[in-house]
Amino acid sequence: MRNWEPPADLTRLLQALADDVVAATEAEVAGSVTTGFFSRKALALIIRMRGLIEDAIEEPAEAADRPLMPELDAAGEVRQRPH
Amino acid sequence: MERFTLRADKLNVTAEPGRDVAVAIRALSNNDLLRLKALARLWTRGMPGALGWADVMQEAITRALDGSRKWPSGVPILSFLSGVMRSICDDHWRFEMREARVIARDADVADVGGAHVGAASPDPERVVAAAQALSDIYQLFASDNAALKVISGLADGLSAAEICEAYGMSEREYDTTRKRMRRALLRCEFDWS
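Line by line, the protein sequences are chains A and B.
Quick note on numbering: the first sequence equals residues 1 to 83 in the numbering used here.
Quick note on numbering: the second sequence equals residues 1001 to 1193 in the numbering used here.
The set of hints was computed from the structure by calculation and includes no laboratory data.
Wrong hints could be hidden among the right ones.
One side only, chain B facing chain A, incomplete, derived with CB under 8 Å [what the hints assert, rightly or not]: (1) I1025; (2) A1027; (3) K1037; (4) L1042; (5) V1075; (6) V1128; (7) L1134; (8) A1146; (9) L1148; (10) A1155; (11) R1180; (12) R1182; (13) L1186.
Think of the CB as a built atom: it goes at the ideal place given N, C-alpha and C, for glycine as much as any other residue.
Using the sequences and the accompanying hints, generate a full structural model.
Shown next as structure tokens:
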């Protein structure tokens, strides 16, 4: 299990779609939020993301001392369990 | 031209770890942030457990800033953050699969005195995990037959030309389908969690 990897077909698909998202043109991104509803939702999301980024940048010391994500921390514990 | 093309080698690296990454992340345009959200949502799609896209994005930014993940020279910042998120999600998948196996093993021991422990198996957890994630992506494009063909081809590792040939699609149809898919990925779910 230590060497478990996501299946190749899933990884290939996700990477191809991720590359698509990175390469999306400005017009395509802007076009995804043209209507008022999506526009408002997107703006709220962007404001929150900027807040998160600013918090992370302004508090690097706290971030460095942060606990690991619980799931990843627990993964280490599971790894140590005797068979 | 577009800000997502900001590369590590275009920035002055200072003595403070993660400072150049901080500059690049802070410089992300609104459209870049929508791309970043779409990437986080994509990598966490169908993922088991309670880890959400915002958690993964935040963790990726934190790892980039604290230097635990280095931003390679020449790599666009969005591609770099996408890779970090992929790595976090892979770790999470491993954890979930490991947990499932521990539970299954404990159940086996209780049921049959450990007779099946160590027995060869076709790794059913892997099959189930893949099916869950793929199903989630297929569901996103369920009403778009052309997109489903493209997804199937991409999952099989086919090139654009091979997908067109395999499914009888014209180049133009393929391009417009990929454009619809990009728009769907960018638009879906603007909620925080």
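- [ ] Return the status of the interface hint for B/A1146: holds when the least beta-carbon distance to chain A is below 8 Å, violated otherwise.
- [x] Violated, about 15 Å.
Task: Residue hint B/A1027, partner chain A, criterion CB-CB below 8 Å - done: With Cβ-Cβ at 10 Å, over 8 Å, it is violated.
Task: Evaluation of the interface hint that places B/R1180 against chain A, nearest CB under 8 Å - done: This hint is violated: B/R1180 lies away from chain A, its Cβ roughly 10 Å from the closest one there, beyond 8 Å.
Task: Residue hint B/A1155, partner chain A, criterion CB-CB below 8 Å - done: holds (4 Å)
Task: Restraint outcome when B/V1128 is required to lie within 8 Å of chain A by C-beta distance - done: violated (11 Å)
- [ ] Would you check whether B/L1134 satisfies its interface hint, that is, whether its CB is within less than 8 Å of any CB in chain A?
- [x] Holds - the Cβ of B/L1134 comes within 8 Å of chain A, reaching about 6 Å at its closest.
TODO: Please verify that hint: B/L1186, Cβ, nearest Cβ of chain A, below 8 Å or not.
DONE: Hint on B/L1186: holds, closest Cβ of chain A at ~4 Å, below 8 Å.
Open item on the list: Min Cβ distance, B/L1148 to chain A: is it shorter than 8 Å?
Closed with: violated (12 Å)
Open item on the list: Please check whether B/I1025 passes as an interface residue: C-beta within 8 Å of a C-beta belonging to chain A.
Closed with: holds (6 Å)
Task: Interface hint compliance - B/R1182 to chain A, C-beta minimum distance less than 8 Å - done: holds (5 Å)
Task: Interface hint for B/V1075, Cβ within 8 Å of any Cβ on chain A - done: Violated, because the Cβ-Cβ distance from B/V1075 to chain A comes to roughly 11 Å (cut-off 8 Å).
Open item on the list: Does the closest beta carbon of chain A sit nearer than 8 Å to the beta carbon of B/K1037?
Closed with: Since chain A brings a Cβ to about 6 Å from B/K1037, closer than 8 Å, the hint holds.
The structure does not agree with the numbered hints 2, 5, 6, 8, 9 and 11 stated previously, though it agrees with the rest.
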